[in-house]
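Visitor: Okay, here's what each chain looks like letter by letter:
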Amino acid sequence: MKKIFSVLVENRSGVLCKVAGLFSRRCFNIDSLAVGETEEKDVSVMTIVSSGDERTMEQIEKQLNKKLDIIKVKTFTEENSVSRELMLIKVKYQQNNRSDIIEICNVLNASVLDMSTSTLLIQICDTPEKIELLIQMLSPFGIVELARTGTLALQKCMS
Amino acid sequence: MAEKITGAQAMVKCLEKEGVTAVFGYPGVAIAPFFNSIYDSKIKSILVRTEQNAGHAASGFARVTGKVGVCVATSGPGATNLITGIATAYADSIPMVAITGQVNSELIGRDVFQEADITGAVESFVKYSYLVKDAKDLPRVFKEAFYIANTGRKGPVLIDVPIDIQNQKIEFQYPEQVSLRTYKPTVKGHAVQIKKVIKALENAKRPIICVGGGVLLSNAQKEVCQFAKEHSIPVVNTMMGIGVMPQEHPMYFGMVGNNGFAYANQAMNQSDLLIMMGARVADRAISQPDLITENTVVVHIDVDPAEIGKNMGPSIPIVGDIRHILHDFEKYEISGDYSEWIDHLKQLKQENKKVRHPKEGYVDPAEFVRILSESMEEDGVYVADVGQNQIWSCNYYVMRKGKFLTSGGMGTMGYSIPAAMGAKQADKDRQVVAVCGDGSFQMSFMELATMRQHDIPIKIIVLKNNYLGMVRQYQHFTYDDRYSMVSLDGSPNLEMIAAAYEMPFVRLENMNNIEEKIKDFLAQEGSGLMECVIDSYDLV
Chain A
1 MKKIFSVLVE NRSGVLCKVA GLFSRRCFNI DSLAVGETEE KDVSVMTIVS
51 SGDERTMEQI EKQLNKKLDI IKVKTFTEEN SVSRELMLIK VKYQQNNRSD
101 IIEICNVLNA SVLDMSTSTL LIQICDTPEK IELLIQMLSP FGIVELARTG
151 TLALQKCMS
Chain B
1 MAEKITGAQA MVKCLEKEGV TAVFGYPGVA IAPFFNSIYD SKIKSILVRT
51 EQNAGHAASG FARVTGKVGV CVATSGPGAT NLITGIATAY ADSIPMVAIT
101 GQVNSELIGR DVFQEADITG AVESFVKYSY LVKDAKDLPR VFKEAFYIAN
151 TGRKGPVLID VPIDIQNQKI EFQYPEQVSL RTYKPTVKGH AVQIKKVIKA
201 LENAKRPIIC VGGGVLLSNA QKEVCQFAKE HSIPVVNTMM GIGVMPQEHP
251 MYFGMVGNNG FAYANQAMNQ SDLLIMMGAR VADRAISQPD LITENTVVVH
301 IDVDPAEIGK NMGPSIPIVG DIRHILHDFE KYEISGDYSE WIDHLKQLKQ
351 ENKKVRHPKE GYVDPAEFVR ILSESMEEDG VYVADVGQNQ IWSCNYYVMR
401 KGKFLTSGGM GTMGYSIPAA MGAKQADKDR QVVAVCGDGS FQMSFMELAT
451 MRQHDIPIKI IVLKNNYLGM VRQYQHFTYD DRYSMVSLDG SPNLEMIAAA
501 YEMPFVRLEN MNNIEEKIKD FLAQEGSGLM ECVIDSYDLV
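In order, the protein sequence lines correspond to chains A and B.
Mapping of the first sequence onto our numbering: position 44 corresponds to residue 44, and the numbering continues sequentially without gaps.
Mapping of the second sequence onto our numbering: position 331 corresponds to residue 331, and the numbering continues sequentially without gaps.
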């Protein structure tokens with residue numbers, strides 16, 4: 001099973017290392033990790049996606065809760081949360097296939113940010129699945145390089 | 001305005017405010033300001049002979065007093081040597097504050113002389129750690145460290161203080177309280193869960209309690225004994241739970257685990273309600289937890305929620321302090337009659353005694369441990385090392401009102417002598433005995449000098465078989481008697497070692513007049529070293 005952990009932490013040096021160290025020491029997977037500040041300056045949020053059996057997922061939550069630099073641990077499933085990831089990807093093009101690439105970008109809601117005579121730099125902000133799809137669609141053209149942020153997630157609004 | 005003092009003076013004042021009476025340590029330049037300040041204090045500073053033993057001594061001190069043990073080392077190698085002591089304490093949840101000196105804060109990260117990233121290195125062996133970057137934070141950091149170390153699931157906390165921070169001048173004010181938004185350990189058990197346990201006890205026919213080290217850390221021995229006696233519920237213990245139940249308690253049924261007694265394991269396996277109290281369900285205690293949960297209702301009481309469900313999925317989890325929870329149990333009437341079950345267990349115990357066939361002409365370690373523990377003062381402290389000696393100690397130690405210390409979680413060889421030193425320093429009126437093998441003795445006998453220098457009289461017993469016996473035994477069963485790396489040929493003459501440290505020495509070569517010899521040895525003033533010649537091929 002896959003789970004998203006939204007971890008509020010004290011915004012101090014070394015905290016990322018402690019959290020990452022916990023995952024490696026106990027052999028928990030990290031599928032993706034994103035860190036950034038929150039609306040409170042002294043609080044950061046780490047969004048960690050992990051996969052494993054139920055007991056492991058429970059242990060991750062409990063072990064995270066034990067860490068003194070961690071303020072709160074929230075867990076989401078893909079169904080009850082909205083998740084997004086940002087990717088920048090550079091692909092090769094030729095005169096005869098440029099419009100094909102732009103068409104794919106249009107269909108998948110990606111945009112071209114920069115270009116040269118031989119490469120296009122494309123941005124997409126979407127679910128991890130859509131991002132995978134874009135990579136798959138663009139790979140025949142030749143991917144030069146790409147960078148992804150890792151998943152960010154918040155719980156869905158409840159009325 | 002208050003007078004300004006240095007960071008080092010502030011550190012010593014913090015220790016005084018926390019009621020610290022002794023620290024175990026080893027100096028170096030990066031911690032020199034601190035040792036310069038403690039020179040003026042009433043706190044006793046005890047110079048060990050290697051930093052690891054400062055950690056073990058602080059551990060022994062903590063386990064006898066229930067207070068936080070303190071060890072101090074310098075930066076770099078001093079700090080890294082301390083790690084095994086810290087990790088040993090962490091594995092057994094012993095409250096400890098470890099203080100390390102660090103290089104000048106402006107030089108951190110430049111790999112200068114004796115620099116080590118100690119907060120990074122100990123991360124997985126501490127409950128929390130601090131690298132102090134401003135001396136103004138010292139009082140808060142110390143207050144928090146002592147609080148964190150000795151509350152919730154206890155454990156070591158490390159404070160790393162760069163030398164310039166120790167020299168920085170500050171106005172000292174010790175905080176009255178800690179405020180940690182991320183740390184609020186649960187003490188009280190959930191009322192609904194407690195009722196469920198009472199109900200389970202009423203429905204059970206074959207209940208059993210398994211106690212671990214958590215009961216001792218919660219200081220709930222009296223409550224457990226009373227609860228077991230009042231409701232006639234049998235009790236077994238893990239290795240770390242030795243010392244909860246006196247041997248003569250009618251409900252006591254021995255130690256479980258692969259080094260425990262068969263009847264204790266059978267008792268646990270045959271139960272229909274297993275109440276784990278402050279025990280981690282680690283592999284050496286319960287090797288196949290899933291087999292138990294299939295047929296047994298399991299109640300797991302622990303102060304650390306992460307321990308519940310980690311190795312065994314309980315039916316009824318309770319998070320909280322055991323003593324509090326037992327007090328809550330007492331509020332309920334429990335109607336349950338387990339007399340048939342107890343008769344059955346008594347029979348099991350009778351039929352499944354360990355039978356040993358000790359070789360003539362040697363000291364039988366099992367019998368020796370029994371006589372030794374019965375000859376000790378009633379409240380004496382018995383410190384067992386690691387190896388075959390530990391298993392014999394665990395199996396044949398006769399618990400009365402004393403304390404039994406050993407490195408259960410980490411299994412750190414060389415633990416017994418420094419831990420015994422810490423225990424003796426904590427309570428000078430108590431008799432303290434360290435029992436080790438000839439392997440573990442050679443890992444820490446440099447501390448004989450510390451004992452002499454600081455007048456810490458303990459009795460040391462070496463069960464000498466010229467082998468690293470536990471591994472030799474493993475090679476006997478697993479590798480067809482190929483004894484690789486286990487012979488202790490070349491070991492020193494212990495009588496000469498004792499003479500070198502001006503310590504009385506006794507050698508026991510067989511069982512003749514053994515009771516009298518042990519009593520004479522224990523009755524001597526001051527420290528003493530006893531060598532027991534045991535059969536090299538004996539098995540636990």
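By construction, these hints were calculated from the structure, which means they are not laboratory data.
Heads up, some of the hints might be wrong.
What the hints assert, rightly or not - Each computed DSSO-like pair below joins lysine-lysine, with the alpha-carbon atoms no more than 30 Å apart: (1) A:Lys66 - B:Lys44; (2) A:Lys18 - B:Lys195; (3) A:Lys62 - B:Lys229; (4) B:Lys136 - A:Lys66; (5) A:Lys62 - B:Lys44; (6) A:Lys41 - B:Lys136; (7) B:Lys17 - B:Lys143; (8) B:Lys44 - B:Lys67; (9) B:Lys229 - B:Lys205.
Visitor: Starting from Lys41 (chain A), check that the Cα of Lys136 (chain B) is at most 30 Å away, please.
Guide: holds (22 Å)
Visitor: Check the hint pairing Lys44 (chain B) with Lys67 (chain B) against an upper bound of 30 Å on the C-alpha distance.
Guide: Holds, because 16 Å separates the two Cα atoms, which is no more than 30 Å.
Visitor: Against the 30 Å threshold, does the CA-CA distance of Lys62 (chain A) and Lys44 (chain B) hold or violate the hint?
Guide: Violated. Lys62 (chain A) to Lys44 (chain B) sits at ~40 Å, over the 30 Å cutoff.
Visitor: Given the proposed pairing of Lys18 (chain A) with Lys195 (chain B), does the C-alpha separation stay at or below 30 Å?
Guide: violated (38 Å)
Visitor: What's the verdict on Lys229 (chain B) and Lys205 (chain B), does the C-alpha distance respect the 30 Å limit or exceed it?
Guide: holds (16 Å)
Visitor: Are the Cα positions of Lys136 (chain B) and Lys66 (chain A) separated by 30 Å at most?
Guide: holds (27 Å)
Visitor: Are the Cα positions of Lys17 (chain B) and Lys143 (chain B) separated by 30 Å at most?
Guide: With Cα atoms ~9 Å apart, Lys17 (chain B) and Lys143 (chain B) stay inside 30 Å; holds.
Visitor: Does Lys44 (chain B) lie within 30 Å of Lys66 (chain A) when you go C-alpha to C-alpha?
Guide: violated (34 Å)
Visitor: Within a Cα-Cα threshold of 30 Å, do Lys62 (chain A) and Lys229 (chain B) meet the stated pairing?
Guide: violated (35 Å)
In this structure, the earlier hints numbered 1, 2, 3 and 5 are contradicted, and the remaining ones agree with it.
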